[in-house]
Amino acid sequence: QQQVKQSPQSLIVQKGGISIINCAYENTAFDYFPWYQQFPGKGPALLIAIRPDVSEKKEGRFTISFNKSAKQFSLHIMDSQPGDSATYFCAASKRGGGADGLTFGKGTHLIIQP
Amino acid sequence: DAEITQSPRHKITETGRQVTLACHQTWNHNNMFWYRQDLGHGLRLIHYSYGVQDTNKGEVSDGYSVSRSNTEDLPLTLESAASSQTSVYFCASTPGTVAGELFFGEGSRLTVL
Numbered sequence: 007q008q009q010v011k012q013s014p015q016s017l018i019v020q021k022g023g024i025s026i027i028n029c030a031y032e033n034t035a036f037d038y039f040p041w042y043q044q045f046p047g048k049g050p051a052l053l054i055a056i057r058p059d060v061s062e063k064k065e066g067r068f069t070i071s072f073n074k075s076a077k078q079f080s081l082h083i084m085d086s087q088p089g090d091s092a093t094y095f096c097a098a099s100k101r102g103g104g105a106d107g108l109t110f111g112k113g114t115h116l117i118i119q120p
Numbered sequence: 097d098a099e100i101t102q103s104p105r106h107k108i109t110e111t112g113r114q115v116t117l118a119c120h121q122t123w124n125h126n127n128m129f130w131y132r133q134d135l136g137h138g139l140r141l142i143h144y145s146y147g148v149q150d151t152n153k154g155e156v157s158d159g160y161s162v163s164r165s166n167t168e169d170l171p172l173t174l175e176s177a178a179s180s181q182t183s184v185y186f187c188a189s190t191p192g193t194v195a196g197e198l199f200f201g202e203g204s205r206l207t208v209l
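Chains as they are written, first to last, in the numbering used here: chain C, 7 to 120; chain L, 97 to 209.
Please keep in mind that the hints were generated in silico from the structure rather than gathered at the bench. Mixed in with the good hints there might be a few duds.
[Said to hold, decoys possible] Here are the simulated BS3-like pairs of lysine-lysine, each with C-alpha atoms no more than 25 Å apart in a straight line:
hint, chain 1, residue 1, chain 2, residue 2
1, C, Lys77, C, Lys11
2, C, Lys11, C, Lys74
3, L, Lys153, C, Lys11
4, L, Lys153, C, Lys100
5, C, Lys48, L, Lys107
6, C, Lys11, C, Lys64
7, C, Lys21, C, Lys63
8, C, Lys63, C, Lys11
9, C, Lys100, C, Lys74
Note that the coordinates shown come from a computational prediction; the quantities given were computed from them, not determined experimentally.
Sequences are here, hints too, so could you generate the full structure?
In structure tokens form, the structure reads like this:
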């Protein structure tokens, strides 16, 4: 049973546009929702994270929107740039849970066309 | 600078052979993890350790083992490599036991022929 469902699997956006990646979860015990960014040949790196006490978190051009009632969260990349081309993973873990409980989505391969 | 390194970065082996992938971190993190990454499956947890002499099975542990004799290293061993274990393997570490930022290595690409 997949605990975190991520969509789309791949996404092509024009330079300057908005990239949107969505994730949904079912386990209401989840309370930590990070996004990881992975460039080709590299390991994933934490991009931004949110806890459910806020509905939105913004860091530069990257924003997480969180909808607790719908059990959904999304990553928005404003003014997308070719350097944003990467694979993005959403993840979730339980309240007080250990790092071993971090469940990843299957990833979205994002291409920003110049 | 502190870091986490994996070796080898690329390896080709034959079915049935024993393979060990090394992971070394210099952050002095207690918690270390091994994931495998496959297209269509994302990142799946193989084994993890919360300290010296502590090892635990993850979601996809069959056919893999780890040992933790010191804080810095968590080697991953495939006792008898199978073609289904062809994958990219990532080691990660984190300082706390509660979920937080994972620091990943650059990966080891393993091909089992």
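Each hint tested on the structure:
1. C:Lys77 to C:Lys11: holds, 11 Å
2. C:Lys11 to C:Lys74: holds, 15 Å
3. L:Lys153 to C:Lys11: holds, 23 Å
4. L:Lys153 to C:Lys100: Given pair L:Lys153, C:Lys100 holds - Cα atoms ~18 Å apart, limit 25 Å.
5. C:Lys48 to L:Lys107: It holds: about 16 Å lies between the C-alpha atoms, which stays within 25 Å.
6. C:Lys11 to C:Lys64: Distance ~22 Å between C:Lys11 and C:Lys64 Cα, so the pair holds.
7. C:Lys21 to C:Lys63: Between C:Lys21 and C:Lys63 the Cα gap is close to 23 Å, so the pair holds against 25 Å.
8. C:Lys63 to C:Lys11: With a Cα-Cα distance of about 20 Å, the restraint between C:Lys63 and C:Lys11 holds, given a limit of 25 Å.
9. C:Lys100 to C:Lys74: holds, 14 Å
The structure fails none of the hints (numbered hints given earlier).
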